[in-house]
Amino acid sequence: MTKTSVLESDTHMPTANPIILQMRSITKEFPGVKALSDVSITVRASEIHSICGENGAGKSTLMKVLSGVYPYGSYDGEIVFQNEVCEFKDIRASEHAGIVIIHQELALIPELSITENIFLGNEPTRFGIINWTEARLRTLELMARVGLSEDPDTPVKEIGVGKQQLVEIAKALNKSVKLLILDEPTAALNESDSQHLLDLIRGLKGKGISCIMISHKLNEIEQVSDSITIIRDGKTIETLDVQADGVDEDRIIKGMVGRTLGARFPEHAPKIGEVFFEVKNWTVGHPQIADRLVCKNSSFTVRRGEIVGFAGLMGAGRTELARSIFGRSYGNYMSGQIIKDGKEITLRNVPEAIKHGLGYVTEDRKTLGLNLLDDIKTTTVSANLDAISKHTVVDLGKEYAVAERYRKQLRTKTPSVDEGVSKLSGGNQQKVVLAKWMFTDPDLLILDEPTRGIDVGAKYEIYGIIQALANQGKGVIVISSELPELLGISDRIYTIFEGAITGVLNKNQASQESLMKRMTAAKKSA
Amino acid sequence: MNAIKQLFGGNTRQFGMIFALVALVVFFQFMTGGVILTPDNVINLVNGYSYILILAIGMVLVIIAGHIDLSVGSVAAFVGIVVALTMRDWGLPWYMGIVVGLVLGALIGAWQGFFVAYVGIPAFIVTLAGMLLFRGANQYFGKSLTVPVSTDFQFIGAGYLPEIGPDTGYNNLTLLVGFIVVAALIWGELRGRRKAVALGVDVKPLWVTLVKLAVLCAVVLYVTYLFATGRPGTSFPVPGIILGFLVLGYGFISARTTIGRHVYAVGGNRHAAALSGVKSKRTDFLVILNMAVLAGLAGMIFVARSNASGPSDGVGWELDAIAAVFIGGAAVTGGVGTVVGSMIGGLVMAVLNNGLYLMGVGSDMSQIIKGLVLLAAVVFDVYNKSQGKASFIGLMMKRLGGRDNPDLAVAEPLKDAIKVES
Numbered sequence: 338m339t340k341t342s343v344l345e346s347d348t349h350m351p352t353a354n355p356i357i358l359q360m361r362s363i364t365k366e367f368p369g370v371k372a373l374s375d376v377s378i379t380v381r382a383s384e385i386h387s388i389c390g391e392n393g394a395g396k397s398t399l400m401k402v403l404s405g406v407y408p409y410g411s412y413d414g415e416i417v418f419q420n421e422v423c424e425f426k427d428i429r430a431s432e433h434a435g436i437v438i439i440h441q442e443l444a445l446i447p448e449l450s451i452t453e454n455i456f457l458g459n460e461p462t463r464f465g466i467i468n469w470t471e472a473r474l475r476t477l478e479l480m481a482r483v484g485l486s487e488d489p490d491t492p493v494k495e496i497g498v499g500k501q502q503l504v505e506i507a508k509a510l511n512k513s514v515k516l517l518i519l520d521e522p523t524a525a526l527n528e529s530d531s532q533h534l535l536d537l538i539r540g541l542k543g544k545g546i547s548c549i550m551i552s553h554k555l556n557e558i559e560q561v562s563d564s565i566t567i568i569r570d571g572k573t574i575e576t577l578d579v580q581a582d583g584v585d586e587d588r589i590i591k592g593m594v595g596r597t598l599g600a601r602f603p604e605h606a607p608k609i610g611e612v613f614f615e616v617k618n619w620t621v622g623h624p625q626i627a628d629r630l631v632c633k634n635s636s637f638t639v640r641r642g643e644i645v646g647f648a649g650l651m652g653a654g655r656t657e658l659a660r661s662i663f664g665r666s667y668g669n670y671m672s673g674q675i676i677k678d679g680k681e682i683t684l685r686n687v688p689e690a691i692k693h694g695l696g697y698v699t700e701d702r703k704t705l706g707l708n709l710l711d712d713i714k715t716t717t718v719s720a721n722l723d724a725i726s727k728h729t730v731v732d733l734g735k736e737y738a739v740a741e742r743y744r745k746q747l748r749t750k751t752p753s754v755d756e757g758v759s760k761l762s763g764g765n766q767q768k769v770v771l772a773k774w775m776f777t778d779p780d781l782l783i784l785d786e787p788t789r790g791i792d793v794g795a796k797y798e799i800y801g802i803i804q805a806l807a808n809q810g811k812g813v814i815v816i817s818s819e820l821p822e823l824l825g826i827s828d829r830i831y832t833i834f835e836g837a838i839t840g841v842l843n844k845n846q847a848s849q850e851s852l853m854k855r856m857t858a859a860k861k862s863a
Numbered sequence: 009m010n011a012i013k014q015l016f017g018g019n020t021r022q023f024g025m026i027f028a029l030v031a032l033v034v035f036f037q038f039m040t041g042g043v044i045l046t047p048d049n050v051i052n053l054v055n056g057y058s059y060i061l062i063l064a065i066g067m068v069l070v071i072i073a074g075h076i077d078l079s080v081g082s083v084a085a086f087v088g089i090v091v092a093l094t095m096r097d098w099g100l101p102w103y104m105g106i107v108v109g110l111v112l113g114a115l116i117g118a119w120q121g122f123f124v125a126y127v128g129i130p131a132f133i134v135t136l137a138g139m140l141l142f143r144g145a146n147q148y149f150g151k152s153l154t155v156p157v158s159t160d161f162q163f164i165g166a167g168y169l170p171e172i173g174p175d176t177g178y179n180n181l182t183l184l185v186g187f188i189v190v191a192a193l194i195w196g197e198l199r200g201r202r203k204a205v206a207l208g209v210d211v212k213p214l215w216v217t218l219v220k221l222a223v224l225c226a227v228v229l230y231v232t233y234l235f236a237t238g239r240p241g242t243s244f245p246v247p248g249i250i251l252g253f254l255v256l257g258y259g260f261i262s263a264r265t266t267i268g269r270h271v272y273a274v275g276g277n278r279h280a281a282a283l284s285g286v287k288s289k290r291t292d293f294l295v296i297l298n299m300a301v302l303a304g305l306a307g308m309i310f311v312a313r314s315n316a317s318g319p320s321d322g323v324g325w326e327l328d329a330i331a332a333v334f335i336g337g338a339a340v341t342g343g344v345g346t347v348v349g350s351m352i353g354g355l356v357m358a359v360l361n362n363g364l365y366l367m368g369v370g371s372d373m374s375q376i377i378k379g380l381v382l383l384a385a386v387v388f389d390v391y392n393k394s395q396g397k398a399s400f401i402g403l404m405m406k407r408l409g410g411r412d413n414p415d416l417a418v419a420e421p422l423k424d425a426i427k428v429e430s
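Respectively, the protein sequence lines represent chains Z and C. Start counting the first sequence at 338; every next residue gets the next number (the working numbering). Start counting the second sequence at 9; every next residue gets the next number (the working numbering).
Hints in this document: simulated from the structure, not taken from any laboratory. A portion of the hints provided could be inaccurate.
Heads up, incomplete: computed chain Z residues facing chain C, CB under 7 Å, no partners named [what the hints assert, rightly or not]: (1) Leu710; (2) Val731; (3) Gly734; (4) Val841; (5) Leu842.
Where a beta carbon is used, it is the ideal one built from N, C-alpha and C, also for glycine.
Put together the whole structure using the sequences plus the hints.
As structure tokens, then:
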């Protein structure tokens, strides 16, 4: 984690630049909830202005107000952009003014090509007929500006998430953007793609395009921002000038949570026992591509009470390894054994995996972990209905009691367990998913990116939960793309590169450098 | 929570539809000069629409699971003709005929279910094929002629509760059924309330529960009175009894059992359900199979009422059933819907049909109006949900969880596709 001075490459002082955006006293209410209360923010020209806050603080809501998703009239307060009062009635109006928002969930159509996506809704037409030649030429220009070298006719689903993010930026540039809003731009990117993106944003700043960035990655915010506005519980807490106030990550955290977090990770004295779970020579083929292997002869062990980390770049094969072990729910199993408590077991499907004491918390809770139509209590019991039913009839009293138990234990922030899970913040949704798996009382719990998209305070709580599970004698596998996180909670870390396990490091041997070295190269034959 | 509320699903949308139903009844009561709420007419209504409501029970489960079944009309007709033929040509007694019908329905359901669940063909296509296939089969076996059925068999479609006991001027059994229903409602609601209080769950104020009970019981008693005072020889129709048991049974299964949970889970988020240990393929298979069995039953009841099975039976039934389900609150994308809701939706269509007929409106105009009502019902519902209304109605019926914020179109599958690729 290199600390780079924010202004190493440019010379102008942001505080002297003219103001291009002022949001004044924005208040936005939903039935029963005041999402924003008297929030104000000022952005200058050629500035990267970050917004920080815990999940549910109101950052996304504020940006939706700015970009016109919540139209003029649905909020109180004023937006003044380039000295003009704005009354956006939809996104098109804000884009017309030069404000473009790139959401965390990219708004690209997977089946359409890069060109088609860049010009989506914005096609160059003459008398209603699209001029694709012109579009293609312009696309090549834009792609060069953001650093893409793909064939512009490639369907967007075939390029990685990092490149998709660049397509989104190209799309924004095509709309003559003056203020670019980026919501969690590097959340799904690996280290190198993240850096490339941040460099690109800095380059845009040099060309006069201001940027508002919402992010949880404090090191990145510290790296690129000129100013930071911190929002908590729908109110502006403070605005910091990064250079002048000498802001660092701890300072940001203090603003966000209202106190200094002593440590990022709770204290933990591991109580590690014997090896109880072992995977040997695990080989799995790609589900669609015939000759490709997603897991190449992987072997690893887990001890009781141990937290094992899986480190690897995006696409290295960590999720594939975990899911293929969890009841063969991914890929074509080819060979390999799973040995639990000394006995070899075959897990042909998910119910068998659960029965044998495995649990798997998916990477993407919204698409794979939760039924967003359900309420908390239904979700909590959904992986172990048998425990609360008699002769297939569900005991609603028991369901409620179980849900309440976990709500209290995990301190899920919700008025009641009858609330729909879609109303919870990311961190609390993750707690519900954890509760779901804890209720199955697994011996081995696999957590795939358990703190992605979750604020600092909730992360701390989840680390505590993970450690508590380990203390109960369970084995926990944590898959994460955040190396500091893995280093903070794991007892041992396996590194994976291109489907193969390239090394294993103990807590005291591991560092970001030693991990990264093994994550980016195949194992040298020993 | 109490059994009835679980049956209702606690959905404001449904309650809105109950209001619509009541409004329609009142409207037609006025326009037809009071004919719609006469004993003979309500009896006709139940007789004439019960088979569609039975189809709607099966259809709502299919739609909740995220599928659809277009073959039900043809399957009903096919089972009808086969049952009629086997009873005539093999001399089977009426109860064996019913067994044959249900088994045949199960076989057809297994066939279609296999393709949907295990081969992975979209249900729309499989059941579309079924619709054509079984229509043809009906005409092949029946040689496009009508085949009569015995009077014994006709009982299930045209029979009534018998007259027993002292001569009270009413049909005693119907009265008995009515009183039992009222007693069950009161007991169920109060017991559920006691349980909720014991758990520490927030309960609605007592007066709300009492008012709700009073209204429900009054309606039940009034309806019982109507059925009990029909022409001599008529009372609550047998198809209605069958429907009643099915509603209770399926309502219970969908709301309170693990298989019911699985159907909602698979419909709400198929991947998450599979990764939580739900056997999603088996669930798909079962809902399709169940639909065909109920289609067979509906076909038999229709044949029993019409005294014969004919080549044009069942045409258009699937659309009526689907309309009932959507008016009743199901979502096109699956994961939402209730059995009781579909019954209310079906009753809205039935009352509409019946009322327009009594008013002398021709079938052409009637169809136009039905189409517009279906559209209006769903528009009203979507509007209602997007307003996030908390109202007196909302107080009485708790909302069944909120849907995700529809503001942004999210390209979720994109990330999924990429994960799979890498």
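Hints and how they fare:
Checking leucine 710/Z against chain C by beta carbon gives a least distance of about 4 Å; that is within 7 Å, so the hint holds. Checking valine 731/Z against chain C by beta carbon gives a least distance of about 5 Å; that is within 7 Å, so the hint holds. Because the closest C-beta pair between glycine 734/Z and chain C is about 6 Å apart, less than 7 Å, the hint holds. The beta carbon of valine 841/Z comes no nearer than 23 Å to any beta carbon in chain C, farther than 7 Å, and the hint placing it at the interface is violated.
Checking leucine 842/Z against chain C: minimum C-beta separation of about 24 Å lies over 7 Å; hint violated.
When held up to the earlier numbered hints, the structure conflicts with 4, 5 and fits the remainder.
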